[in-house]
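Novice: The listed protein sequences correspond, in order, to chains A and B. Just so we're aligned, residue 1 is where the first sequence starts under the UniProt record's numbering, counting upward by one. Just so we're aligned, residue 1 is where the second sequence starts under the UniProt record's numbering, counting upward by one.
Take every hint as true, because none was put in to throw you off.
A pair holds if it fits inside one copy or across any two, identical chains being indistinguishable in the list.
List time: in silico DSSO-like cross-link candidates among lysine-lysine, alpha-carbon distance up to 30 Å:
#1 K74 <-> K104
#2 K239 <-> K104
#3 K239 <-> K74
#4 K239 <-> K98
Worth flagging that the hints you see were computed from the coordinates, not collected in a lab. Computed from a predicted structure; not experimentally measured.
Number of protein chains: 2
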Amino acid sequence: MTGTLYVVGTGPGSAAQMTPETAEAVAQAQEFFGYFPYLDRLNLRPDQVRIASDNREELDRAQAALTRAAAGAKVCMVSGGDPGVFAMAAAVCEAIDKGPAEWKSVDLVVTPGVTAMLAVAARIGAPLGHDFCAISLSDNLKPWEVITKRLRLVAEAGLVIALYNPISKARPWQLGEAFEILRGVLPASVPVIFGRAAGRPDERIAVMPLGEADASRADMATCVIIGSPETRIVTREGKPDLVYTPRFYTGDNQ
Amino acid sequence: MTGTLYVVGTGPGSAAQMTPETAEAVAQAQEFFGYFPYLDRLNLRPDQVRIASDNREELDRAQAALTRAAAGAKVCMVSGGDPGVFAMAAAVCEAIDKGPAEWKSVDLVVTPGVTAMLAVAARIGAPLGHDFCAISLSDNLKPWEVITKRLRLVAEAGLVIALYNPISKARPWQLGEAFEILRGVLPASVPVIFGRAAGRPDERIAVMPLGEADASRADMATCVIIGSPETRIVTREGKPDLVYTPRFYTGDNQ
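This is chain A alone, in the form it adopts within the complex (with noise of 0.2 Å):
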């Protein structure tokens, strides 16, 4: 008998942002498993069982999970956001990949969440309005250098760049270098939004130009947003500014 793995998201941390999708599958499942603060969002009832880790060892994590379900059980893999999106879900697929065949037949079931940048978007505006995307600056994943290379191409190509895992204490540098090499490409004018924890009751969000942009405004629950030169900021009085890229592309600012 083979069990049900749910791998889901809980969007940016609020319950008011959490899918009623997600919330059944939370209701229906036994056995959980993820990084200790996104299982402390969800109310589990004494007969769920929690199994929380810390934010590492993500594919030890999938295999002990893929394990329980293969053996019957209903399981729920917790990720913050959306599990798609340098989250959880990409550990478990790898992990049937790689695991025993009998990990091919467990029922998967993945619910989509809201992701750190759309909720910090949501909280400014409309940063994200035109193409745009999402990149992970952990260079424990991936060699500094293809970090810098994506960043190069991506700024040229005019996108809208948000970074996830911008800074951690064993990663103090990179995000600082990552807004040298931007200043290279885009304008000292364009808006980078620093949104903390959007959501939630700590949230923080700050607007400066990327030519002062300072990243020990940064911390590890921090989606850092660098705008395009369409992106514009309108200022409201006595409320805080809006930060939005136009639908229309116009390149008057390229």
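Position chain B against the provided structure of chain A, taking the given hints into account.
Specialist: What follows is chain B alone, placed relative to chain A:
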């Protein structure tokens, strides 16, 4: 007295994929602006007013909604998916930017949602598991040469590419030409996902290699995801294939 403009995203279509935050905004609002199929997704009360329109004239629609909100109404602008991704949030910000001063005083609340590429990705595995971009193929909004330049650069960068607005009656040849351009940069084996109406009853998901990708498989309700050279397919007996992009970049396939 000024009112409120909620700019909401319904998600891909199923009520189970709309966030509680959006449902609450819908419950609060009195007047609803939007493309009529998106309004049809909401179960509006008899006291709630629908101002449905076709999918053009986004700026006119934004201006009409802001006029009502500035007069004190609680107004809701409805997009499918996420309102900030090729949808109405940018049109609303543009209208505020260029409109009368009183529109800057309207309380603007944007609620994020699950955008199409995330819903398609969840149905097939984790194709967006590493760096990716979202590009609108509509040359109503930018010159075709800007689009082709962007496609070449992001493919060269090794990003997975989600194409929004891939095809329409007025734009029948662009997707085929986009595939041709990408075949000049990427291996013919790269998986292409045609994700139509993900999460809705008429959902249809197909995968084929870039070398054989046929633009006629797409329609206006399709999000097309083109893998990177790293993207892999997992075959499973009796179950649909999984497509995922590994978390770790190896460069083996470049």
